[in-house]
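Asker: Top to bottom, those sequences are chains U and R.
Here this note's numbering is used: the first residue of the first sequence is 1, the next is one more, and so on.
Here this note's numbering is used: the first residue of the second sequence is 1, the next is one more, and so on.
Bear in mind the hints are in silico, worked out from the structure with no lab data behind them.
Fair warning: there could be bad hints in the mix.
[Stated by the list, open to error] The list that follows gives simulated cross-link-like pairs (lysine to aspartate or glutamate, DMTMM-like), each with its CA atoms no further than 20 Å apart:
| id | chain 1 | residue 1 | chain 2 | residue 2 |
| --- | --- | --- | --- | --- |
| 1 | U | Lys145 | U | Asp175 |
| 2 | U | Lys324 | R | Asp82 |
| 3 | U | Lys21 | R | Asp100 |
| 4 | U | Lys394 | R | Glu74 |
| 5 | U | Lys324 | R | Glu79 |
| 6 | U | Lys324 | R | Glu74 |
| 7 | U | Lys394 | R | Asp100 |
[Said to hold, decoys possible] Chain R residues, not near chain U, derived (Cβ > 12 Å throughout):
| id | residue |
| --- | --- |
| 8 | Ser2 |
| 9 | Leu4 |
| 10 | Glu20 |
| 11 | Asn28 |
| 12 | Ser32 |
| 13 | Glu35 |
| 14 | Gly44 |
| 15 | His66 |
| 16 | Pro99 |
| 17 | Asn131 |
| 18 | Ile138 |
| 19 | Leu175 |
| 20 | Tyr188 |
| 21 | His202 |
| 22 | Glu222 |
Yeah, the Cβ is synthetic: ideal placement off N, Cα and C, and Gly gets one too.
Below are the chains, spelled out letter by letter.
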Amino acid sequence: MDRGFLAESVRSALEAIKTNKLRSLLTTLGIIIGVTTVIAVISVITGLKQQVASSFSSLGANVLYVQKFPWVMGGGGIDWWKIRQRRDIGMQEVRALKEYGSAFKYVAPQISNRFEVKRGDKKASGVSIDGTTEDFPEIMNQRVKLGRFLSADDIQYRKDVCVLGNDVATTLFPDENPIGKNVRINGRLFTVIGLLEELGEMMGQSMDNVAIIPYTTMSKFTGIRRSITIAVLTEDEEEAREEIRWILRRTRKVKEDEEDDFSINSAGALTKQFNQLTKALFIIMIGIAGISLVVGGIGIMNIMLVSVTERTREIGVRKAIGAKSSEILGQFLLESVMICLVGGVIGVLLGFSLTKLISLAGKIPFGMPIWGILLGFGFSFVTGVFFGFYPARKAAALSPVEALRYE
Amino acid sequence: MSKLIEMENVKKTYKLGDTEVHALQGVNLTISRGEFISIVGPSGSGKSTLMHIIGCLDVPTSGEYHLQQRDVGEMNDDELADIRKELIGFVFQDFYLMPDVSAWYNVSLPMIYNRIPPKARKERAVQLLDNVGLYHRIYHLPNQLSGGERQRVTIARALANNPEIILADEPTGNLDSKIGEEIMKIFYRLHEEGKTVILVTHEHYVADQAERKVHLKDGMIEFEE
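Chain R on its own, in the form it takes in the complex (with noise of 0.2 Å):
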């Protein structure tokens, strides 16, 4: 399998007043194309920073990080745009669904980024609904939906773009375990349909299921298995 993500001795410092946090101290970790893995770890070992980084949300304080081959310490913002855009669907912990458009049309916004005409978008956002189970509630508003059915909007919306990457942030931090293990069917799917799945997560009945477990600790990776 051909390597997706190469990081090599990421750091990243962030000034918080006169105190200097050094979020990462040093991280080494390749990612190849298709696998499932996840990243756990106690809060404040540098988890969600590292996320940051891999989906190009945020940049290395030093280190190198390339993505598909590409520096990803050499691209300014509008090409992170793009990054973010095409190969990167984002699924967050508090789902950050727009609250007064439905469903359908939550998912189709990454495409309108990208410039999909209006009836294929529309096509698309409904098909990717219904690939999760939503056919029957494209035009709920997310305040109508439960929470698992929110997830499942906000994991439809993150494959708009059909991206390599899905990157989720405790995406079932909100769910009790049993929409949580629903959730995770997807996710697993995903994996299966040749999706590259990292998973941030400090729940170990999630992390279990995915293939490669990277453990984070004080802004390091303590082991792995």
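For reference, chain U alone in the conformation it holds in the complex (with noise of 0.2 Å):
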């Protein structure tokens, strides 16, 4: 197409939306709700899964947890009555694993719970009590940043000692050196031997508000009244999969028959179910942005017949002055594709400021991938071109005669 040519078509499309503001604005209202439906969908997903990666990652890549429940309520058939009726897991599974495993390098019991901890008048409320062992940091790649970490003699001799999150060493020691202090967990004094490194957010929630002590003080002045979670550090998931299941079957006597009564859960599977989901996610919003991108396009073809009926006289003037069928068509084809990548602009802003204020009141991150907004403008060109094909060769198809005579 000559660039003279083009430049006139441009003009005189820009001329018809300046002159039917309101109606092309209304016109382009569903190219404009689905290029917002598409863009919105895949920012907020890109973002979620982003966050989701991030997270996941702190939860450790080929660690497995030996619990209860599962993480992953998926693929139907499962019967929750008869997961809650499954036997806690406790410390004879940890001895078993330790003692029969050989396809994993660390095993670790974590027992869990929260309480306050006390230093003086200041406090830290709702912290995650972690009663572990001294294998703890090598499962969870966690490092100390200062002092040390629990010891095999602080395990076997159940000490009072303590290693703390950052959330809670600031906020109870704003301006001294934690270790060798004393803070009090439930009441109970500890000797606080370590620090650990930050570890940040996970799912909106902190990662840091932490105190690491022995299990078996855990086990001492709590109890272990709930089920345990056992981390394991392996080389090769699959195979230190069926190892634990192998050696839990046995530990637990389950029957050959019966299915597991425990559940093996891991970042890799709840990945993999987070992606189904949002597969699932985009198929459905794909499809309404694609209804909207076709009532949309019916709009346009509407707007557009309309536009060749008003216009006539001029089609024939243009016929009149040597325009061929070709440029006229040439022409109204333009005008629906402006008029379909002015829906699809306004479209990308609003879905871009939607995504925007998603991401600031979920605290999701904001991503808006290139290929996204991309998609956005293919779309809305697309149904330009498909949607204005027909009125534009009407107009090109007008015998001049009868479109100069049009009243």
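Using the hints, put the two chains back together into the complex; each one sits in its own frame.
Answerer: So, in structure tokens, the structure goes:
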């Protein structure tokens, strides 16, 4: 297409849109809604994925969590009642895994509870207290930035010592070195032996509002009332999973024809589940977007037919001064594409704002992929061409004489 | 003078619902290059139809029409569009200017379809407007111009691609007689400059200014003078 002719077509299309601002806007509403939906959904899901990926990575790669309850309730056929009836997981299972296991490097119990931690008149509430062993930091890839972690001795002799997470430490010791100082956890006196490096947030919750104590001490002063978690660091997740199943089924005397009465959870399985969920969401939203684009497209076709009728005389004049049918076709096609692209631009901007709002309100990272924007524009472009073709062809096929005579 | 337009037994039939309208019933007409000719006749005599066929806006139902020795009946739509673009300049009774663009842009429109570069386009449009005495009106919109000025813009537009033939359909029909005479002067000048000017009109004082008058009645040429 020649540049002069293209410029004239663009000018004429803009003029037509300008003359009928409200009409054009209403016409593009379907496109706007469609593109907004596409952009917002893609962006929010991208943001969620980023967050989930970073959160799950803090759960540790190659770490399996043996627990009473599964994290993932997928696939149907899971009998919640049956799961509730499962026997608790306790230290017996930890010992069995340590004794018979060969496919994994570290095994550690994790007994969790929430208590208040106090020092003098300062207090940190809702602190997650984890009772565990000296192997815990290896599995969780945790580092001590000051002091030391729990030792085998601390575990064996049920010492009243604790390692504090960053949040707790800064609350209780705003301007002094906490090592060697005493704190009270649920009323019991503990000596601080170390400080953990910061971990950040997961799913909007701080991972640093923790204190770690020997599991032996934990069971001494609270008892093990609930089922515990066993964290296992593996090299090959699948192999380790099979071995854990084999060991636990024997230890817990599960009959051959019965299902496992425990769950082996991992970040990988969680990610998989999440991806399935987002995929379903994607398909639904793309469907909604598709429908609104079709509705919008029909609107475009309608308004372009009106436009062709209104401008019959103009078409006649253009033909009289030498415009070819193909040039009339191009002009009207361009007009419908431009109306759609205006809708696309508004849709992208609205989608952008909507995503920004959602990310602010939901504390989700803001992610707006370029391909999402391109998809939005692509959609509106294709709609413009597809639904603009029939009216444009009608304009092109007008006989010059009849078009000039049209009143 | 060489023959520009040769029509032989040209007929045009329209279908209006169930009835057939025989707008032209066998016209034989030859026009040479550089002639100043008027086609006159009462309404319904077929003069508009004849003009449309001469201007390649329409094709005959039967008969032969040769334009510059080329058979128009054999041409496809794109070739007809090229003829209109390069050989013919139309001047309409109702001007048919684009309402939302300035005078010079209106004049430049045919050049857009002729792929003239933007700068040359504007220069020529301004020159053409200057030639019809509208240099001071180049940026005005059509509705800011008087009827006579609008018709002069239309004439400038008709000349944009330097056509051989100027085809005017009742060019003074919407103007008072004084303004109409001014417009006629322009046509006369164009004729003197070598253009072939064909006027379709029912006003005799307009038709009289042409060198040759073709009277049309009931779709046939009644007589010439």
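Asker: Just double-check R/Tyr188 for me: nearest Cβ-Cβ distance to chain U has to come out over 12 Å.
Answerer: 23 Å, holds
Asker: Was R/Leu4 rightly flagged as not at the interface, with every chain U Cβ beyond 12 Å?
Answerer: 18 Å, holds
Asker: Does the claim that R/Asn131 lies off the interface hold, with its Cβ farther than 12 Å from every Cβ of chain U?
Answerer: Non-interface label stands for R/Asn131: nearest chain U Cβ at 18 Å, farther than 12 Å.
Asker: Is the Cβ of R/His66 more than 12 Å away from each Cβ in chain U?
Answerer: About 20 Å separates R/His66 from the closest Cβ of chain U, which puts it past 12 Å; holds.
Asker: Hey, is R/Leu175 genuinely clear of chain U, shortest beta carbon separation above 12 Å?
Answerer: 19 Å, holds
Asker: Would the least Cβ to Cβ distance between R/Ser2 and chain U come out above 12 Å?
Answerer: Consistent with the label, R/Ser2 stays out of reach of chain U, its closest Cβ about 24 Å off (over 12 Å).
Asker: Is the hinted pair U/Lys21 and R/Asp100 satisfied, with a Cα-Cα distance of at most 20 Å?
Answerer: Measuring from Cα to Cα gives roughly 15 Å; hence the hint holds.
Asker: Is the nearest CB of chain U more than 12 Å from the CB of R/Ser32?
Answerer: 24 Å, holds
Asker: At 12 Å, judged by beta carbons, does R/Glu222 keep clear of chain U as stated?
Answerer: 24 Å, holds
Asker: A cut-off of 12 Å on Cβ-Cβ distance, and R/His202 was said to be off the interface with chain U. Does that hold?
Answerer: Answer for R/His202: holds, closest chain U Cβ roughly 17 Å.
Asker: With a cut-off of 20 Å on the C-alpha distance, tell me whether U/Lys324 and R/Glu74 pass.
Answerer: The hint holds at about 17 Å.
Asker: Could you let me know if the closest chain U CB is still more than 12 Å away from the CB of R/Pro99?
Answerer: 9 Å, violated
Of the hints listed earlier, those the structure fails to meet are numbers 4, 7 and 16, in rising order.
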